[in-house]
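Using the supplied hints, reconstruct the complex from the two chains, each of which is provided in its own coordinate frame.
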Amino acid sequence: MDLQRTYSETNQIPDLLIALRFVFGQCALQALDLVDQRSVTCLSSPSGRKAFQVLGGSGRLLYTCFTSCHYCPCPAFSFSVLRRNESLMCKHLLAACLSQAMGLCQQEQVSDQKMTHILSGQTGAST
Amino acid sequence: MADILGVVFRRFASGNVTSDVMFPSHVEGNTLLLLGDVNISRSVLFLAAVTAATDLGLKVLFFTQTPFQSLPVSLRASIPGLKLESLKNVKFVYVKSLEDLREDIASLHELASEAASPSSLIIVDSLDHYLHGSRVGPLQDDLSPVAHVAALLHDTAAFLTQILQSRADGQGLCRVMVSFQSEREGSRDSEALAPELLLSVLDRYLQVRCTLEEVKRDGEVGQNEWQVYLSVVCPSQVQQWHMVLQTGGALEFSPVIGGEQQILDQPDESKQENERCGDG
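Protein sequence lines, in the order shown, are assigned to chains A and B.
Under the working numbering, the first residue of the first sequence carries the number 289, and numbering increases by one thereafter.
Under the working numbering, the first residue of the second sequence carries the number 5, and numbering increases by one thereafter.
Isolated chain B (complex conformation) (with noise of 0.2 Å):
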């Protein structure tokens, strides 16, 4: 996943940047966590899925439970010359249950073995809405429908890279991309479950993470300024870029040249981390 986010930062950066600037392609992991404000999310999700169909040509499902009334960034301001024609590799699923949700992802195999070309990216927005609708019973606290739906996003990305290896010469992943809001709105009743418990079981099928931190200066917010940290569990790597929008709509991305410095001044904490974790 970290890949297709490489193309959209690429894609869309203000200025060159150079091929010094490495992103974590060679995790073996191809899922990703994207942690934000749920509109600015919302909007790098839909960014991610235009640039997947349009630039690399894949297959995109997009699950949301609410239907884009408008398009959350301005495409023709961010790609100049874009054919809508090309979007027909993206496919919109609304659906507004987490149980809706876990038997479409479960249901994908029965396509795979049909269709032309399976899916390559899968895109889930607000995972935390569907988990929020879902509380109900007295195990509130049980974390199994948290590990469950992010078990079956990995399972079924793992079956759908099999068939696309299997038929284009070992090439071919399939990628999972999930929006989460750790900090929502009135979410922290006596009864909710911990952000940081959430996003731990996140993170065991999750393999790299995107947090968009909002840029504050003077102590507001609003300044359409995000620092993105593009970051791996295992081994600890962690990359920063700069995100704008600009007041046409479009996103814009810089690479943050500190950032970098950070996994270049870490060789030996990296080997230590590799030792750490194993084989995995």
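Bound-form chain A, shown alone (with noise of 0.2 Å):
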């Protein structure tokens, strides 16, 4: 929310950066390097359904995530959020939040049917 803020009144968030490198670690850096890159892509359907899909580094895979909470399908947020609990976020989750604050988000209209298949992991490389 405050990034939100800030980037909209000012279209900078220099101040921001040193939080984010000091609670996020190496892992905002790589996410700000997504967020340069335009590697976030915000799907919507017909239904008004919603969702995340983060072009990873390497630029061969497509993790789809959730609006509403996190989730990301990739081996770093497996490991280090949920099985050590030493990160709150994936750089692709944190790409995804930092994206949406700053209106950086590619925008992408898919059918339901294919917002299915996104969601339940059945498409791309993503999980």
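Take every hint as true, because none was put in to throw you off.
Calculated pairs, EDC-like style, for lysine to aspartate or glutamate (alpha carbon to alpha carbon, straight line, at most 16 Å): (1) B/K220 with B/D41; (2) A/K402 with B/D108; (3) B/K95 with B/D108; (4) A/K402 with B/E107; (5) A/K338 with B/E114.
Think of the hints as simulated: they come from the structure by calculation, not from any bench.
Laid out in structure tokens, this is it:
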């Protein structure tokens, strides 16, 4: 919320970058790289359902993240967040949050049926 | 979800339940994890589904692997005067695999925009059975399948809540209730995920926990009595109830007054918990 408000008012987030680095560590820099590369797409379907798809750093894999809670199918989320509880988010989730706050998401419309496949993990290499 | 359990406990209480017995219904989370033996959990889920459909007029989706061969709870004993036509609001969906379960839940948005009334309660019976059956491949210790289905339930409920609120002047809530047996016969093999780890993942997405603990007298079970602990992770609150399975098959609930004191005596700890939990 702070980031979204600051960015909308000043078009910059210099002070918040320090906070991001402190809270998320190296993950913050990796996430910001993804944001710079416009790697986050907000998918929408006619029903109104939404989801994020994040293109991984290698440019080969798509990770589907939900809009209402923290989940990512990447190994880093499974290990560092779920198993070890060492991190709050992976870089994909953080990139999605940052992109949404700064209005830097790509937008894409998909059918309701395709959204079902995406959310269930049947589409692409996301799971 | 705690609001529906509150209706269930009061509806089937032995004696009067005073309004002083507060439920953590104001908790932002509308998702509940039910822990306990598979049979009694199934009965409680069924009772919750029927109560939601009949008393509250909600549409209920009940996902289970095993079709009901007979009523798990004697409905006629529990709900005299029950009109079976009111059960039409409960839709039973029999899915065998975790993949089918995920696809069915993920597809709920397809009909929500057209349906006269989207589902207000999604029940998943014995999630552990679905997860156990899906463990294939070298990454058997991967927690991602657990988190995926729990997060999908959470996100789907959030979406359906938006739909319900847009149609009901800001009212309306879609709830989720999931049963899970953390300790299963023969499940403690070297490749099984520790139950505590699975529960810690589920706790991320299912904010209220209802634990059914069988009462032992003289070291023996089978007394048909359970202690029911209703707890919220953040802020920390615990409420205790007592549940008895009567001879006729009806379930009866009664509040444990000592359990309420635990909440009332800990206002400072509750405030500290609020500060620690932050904005969530």
